[in-house]
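Enquirer: For reference, the chains in residue letters:
There are 2 protein chains.
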Amino acid sequence: MKLQGILPFARTLLASAVGEGDIAVDATCGNGNDTLFLARLVGKDGHVFGFDIQIEAIAATNHKLEVNNCRQNVTLFHASHAELKNYIPDTMKGKIKGAVFNLGYLPGGNKTIVTKGDSTISAIESLLELMGKEAVIVLVIYHGHEQGKVERDEVMAYVKSLDQQAVHVLQYGFINQKNNPPFIVAIEKR
Amino acid sequence: MKLQGILPFARTLLASAVGEGDIAVDATCGNGNDTLFLARLVGKDGHVFGFDIQIEAIAATNHKLEVNNCRQNVTLFHASHAELKNYIPDTMKGKIKGAVFNLGYLPGGNKTIVTKGDSTISAIESLLELMGKEAVIVLVIYHGHEQGKVERDEVMAYVKSLDQQAVHVLQYGFINQKNNPPFIVAIEKR
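Respectively, the protein sequence lines represent chains A and B.
Heads up, the first sequence is in this note's numbering, so the first residue is 71 and it goes up one at a time.
Heads up, the second sequence is in this note's numbering, so the first residue is 71 and it goes up one at a time.
Errors might be hidden in some of the hints.
It does not matter which identical chain is meant; a pair holds if it fits inside one copy or across any two.
[As the list claims (entries may be wrong)] Taking lysine-lysine pairs in the DSS-like style, the calculated list, with each CA pair at most 25 Å apart, reads:
#1 181 with 230
#2 219 with 230
#3 72 with 230
#4 114 with 165
#5 155 with 203
#6 72 with 114
#7 72 with 203
#8 72 with 163
#9 203 with 248
#10 165 with 72
Rather than coming from a laboratory, the hints here were simulated on the basis of the structure.
Can you build the whole structure from these sequences, using the hints too?
Expert: Shown next, in the form of C-alpha cells:
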C-alpha cells in the first residue's frame with residue numbers, strides 16, 4: 071500500500087515534529103504504544119508526559135515502557151488531560167514539540183469510559199499555550215461508537231474555528247470505507 | 071512548517087508511487103510543472119503521457135520540458151483526458167503507476183475553460199482500468215470558482231462510492247482556511 075494508513079501517518083506526523091531531546095505529550099496513554107513511540111523519538115535527553123484517567127492504562131503503559139527500557143524519561147499521570155496545565159511544569163513552556171490523542175475508549179477496556187469533547191478541547195487549548203512554534207498535535211478520532219460521533223462533531227467544530235494565522239489544521243482520512251473508520255486531525259502551531 | 075502543504079504533498083504521493091522506468095500520466099498539463107516532475111521521476115527509461123485541451127498549455131509544457139532537457143520521454147496530446155484510452159497504447163495496460171489532475175482552470179489562462187465533473191470521472195475510470203496494482207491517482211481539487219464547486223461535488227460523490235475492496239480513497243486538506251483552499255483526493259488501486 072502506497073497511501074499511508076491512519077496509524078502509520080499519525081506516527082509520520084509525530085516523527086516530523088518531535089526529535090531527540092524534545093518534550094512530548096501522550097494525552098491518552100491507553101496501552102502505551104504511542105507513549106513508547108514518543109519516548110524513543112525524544113531519546114534519553116528528552117522527556118514524555120503521559121496522561122490517562124484509567125489506572126489500568128497507566129499500569130499497562132508503565133509495564134510497556136519498562137520492558138522496553140524506556141521508563142526513565144517518561145512521567146505518567148493518572149489524571150485527565152484536561153488538567154495537563156496543572157501537571158506539566160511551567161519550565162516546559164515553549165518546549166513541547168508534539169502531542170497525541172487517541173480519542174474514544176481504551177482498546178480491550180471498559181467501553182463506557184470514553185474521551186469527551188469538552189475535556190479534549192480543553193486539553194488542546196492548554197497544549198496550544200504550552201507548545202513551541204511548529205509543534206504538532208495529532209488527534210486520532212474514533213467515531214464508531216455513539217458518544218464518539220458527538221465528540222467528533224464538537225472537536226471538528228472547534229478545530230475548524232481556529233485562526234488560520236495561529237495554526238494549520240489538517241484533516242487526513244479514507245473516505246470510501248464503511249463502518250466509520252478513524253481519521254486524523256493534525257494541528258500545527260504557527 | 072511541519073505539515074506538508076497541498077502541492078508538496080501531491081508530489082510526495084506521486085513520488086511514492088512512480089519510480090525510474092515507470093509510466094505516468096499528467097491528465098491536465100497546464101503550465102507543465104507536474105509533467106516535468108513526472109518526467110524526472112520516470113527517468114530516461116520511463117514515459118509520461120500528458121493531456122490538455124488548451125493548445126497554450128501544450129505549448130507551455132513542451133517549452134518547459136525542452137528547456138529542462140526532459141522532452142524525449144514525454145508524449146503530449148492536445149486532447150481531453152476523458153479520451154485517454156484512445157491515446158495511450160494498449161501495451162501500457164497495467165504499467166501506469168501514477169497520474170495527476172489539477173482540476174479547475176489554467177493558471178494565467180482563460181478562466182472560463184475549466185475541467186468538468188463528467189470528463190474528470192470518465193478519465194479516472196479509464197485510468198483505473200489501465201493502471202497497475204498500487205498505482206496512485208492524485209486529484210488536486212480547486213473549488214474557489216462556481217463551476218469548481220459543482221465539479222467538486224460530482225467528483226467527491228463518485229470517489230466516495232468506489233468499492234473499498236478495489237481502491238483506497240484518501241482525502242487530505244486544511245480545514246481552518248478561508249476562501250476554499252484546494253485539497254487532495256488520492257486513489258490507490260488495490
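Enquirer: Run every hint past the structure and note whether it holds.
Expert: These are the hints, each one checked on the structure:
1. 181 with 230: Intra 28 Å, inter 30 Å, cutoff 25 Å: neither.
2. 219 with 230: both (16 Å within a copy, 20 Å between copies)
3. 72 with 230: Between. Shortest inter-copy distance 19 Å satisfies the 25 Å Cα cut-off; intra-copy 28 Å does not.
4. 114 with 165: Answer is within; shortest intra-copy Cα gap is 16 Å, inter-copy 47 Å.
5. 155 with 203: within (18 Å within a copy, 48 Å between copies)
6. 72 with 114: Cα proximity of residue 72 and residue 114: across copies only (23 Å, versus 33 Å in one copy).
7. 72 with 203: between (30 Å within a copy, 10 Å between copies)
8. 72 with 163: Cα proximity of residue 72 and residue 163: across copies only (20 Å, versus 38 Å in one copy).
9. 203 with 248: For residue 203 and residue 248, only the inter-copy Cα distance (22 Å) is at most 25 Å; the intra-copy one is 37 Å.
10. 165 with 72: So residue 165 and residue 72 pass the 25 Å test across copies only (16 Å; inside, 34 Å).
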